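Asks: In case you want the letters, here they are:
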Amino acid sequence: KAGVTQTPRYLIKTRGQQVTLSCSPISGHRSVSWYQQTPGQGLQFLFEYFSETQRNKGNFPGRFSGRQFSNSRSEMNVSTLELGDSALYLCASSLFGTAHEKLFFGSGTQLSVL
Amino acid sequence: GENVEQHPSTLSVQEGDSAVIKCTYSDSASNYFPWYKQELGKRPQLIIDIRSNVGEKKDQRIAVTLNKTAKHFSLHITETQPEDSAVYFCAAGYNNDMRFGAGTRLTVKP
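Going down the list, the protein sequences come from chains A and B. Numbered per this note's numbering, the first sequence spans residues 90 to 203. Numbered per this note's numbering, the second sequence spans residues 18 to 127.
Calculated from the structure, these hints are not laboratory results. Incorrect hints may appear among the rest.
To be verified - Quick list of in silico lysine to aspartate or glutamate cross-link-like pairs, EDC-like style, CA-CA up to 20 Å: (1) A/K191 with B/D76; (2) B/K54 with A/E190; (3) B/K39 with B/E96; (4) B/K75 with B/E96; (5) A/K191 with B/E96; (6) A/K146 with B/E19.
No experiment lies behind these values; they were computed from the predicted model shown.
Start from the sequences and build out the full structure, keeping to the hints where you can.
Replies: Written as structure tokens, this is what we have:
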């Protein structure tokens with residue numbers, strides 16, 4: 090059974106650009122959550138999707154958005170990139186209807202903003 | 018929203034010793050408390066979890082305890098081994114929302 094797949098693995102962008110990250114959950118998992126990981130800040134919750142609906146959103150500016158498709162794949166978009174957006178972006182999927190239980194994480198997308 | 022604090026941020030122990038990591042949470046509605054281990058360059062992986070109706074749970078050398086009244090929970094690792102070296106994250110979850118602590122970097126010296 091394939092795990093959670095995130096693409097691309099690395100991204101380098103410049104300030105002001107926008108970026109789209111992709112996440113394919115484990116087959117059968119309908120919940121996808123996104124987290125931002127930076128050194129010393131742990132995992133900051135961005136948002137969670139279930140059946141194409143955003144159910145929860147963390148405290149991030151509107152430049153961060155996402156969506157989920159009918160096959161449960163999810164994308165995250167960051168517009169007007171800032172230097173502080175440099176981070177590892179992790180997505181996680183869950184089999185359970187409750188998005189916070191037994192998360193399976195992808196390997197992440199390392200975003201560098203220059 | 019939920020706020021999770023984790024201590025210590027770094028922890029160094031000798032192989033064979035025990036390690037304890039503590040977390041506190043703010044939202045009394047939280048009912049699910051997992052711990053994730055992230056080895057260097059790898060993805061976080063669930064190692065143990067506990068629900069609010071249980072006070073303690075063990076799995077071989079690791080155990081988690083929960084004090085709902087005080088709103089804190091702890092991870093205990095006994096007989097530590099070098100392969101236990103990693104960053105450990107606690108989290109508190111409720112109603113499709115999961116918030117993580119800042120992490121503890123555990124180093125086990127051989």
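Asks: With reference to the structure, classify each hint as holding or not holding.
Replies: Hints versus structure:
Under the criterion of a C-alpha separation no larger than 20 Å, the hint pairing A/K191 with B/D76 is consistent with the structure, at around 16 Å. Restraint check for B/K54 and A/E190: the C-alpha separation of about 15 Å stays at or below 20 Å, so the hint holds. Restraint check for B/K39 and B/E96: satisfied, since their Cα atoms lie roughly 18 Å apart, inside the 20 Å limit. With a C-alpha separation of about 14 Å, the suggested pairing of B/K75 with B/E96 holds against the 20 Å cut-off.
For the suggested pair A/K191 and B/E96, the alpha carbons sit about 26 Å apart, so the restraint of at most 20 Å is broken. Restraint check for A/K146 and B/E19: satisfied, since their Cα atoms lie roughly 12 Å apart, inside the 20 Å limit.
In the structure shown, a violation is registered for the earlier hint numbered 5 alone.
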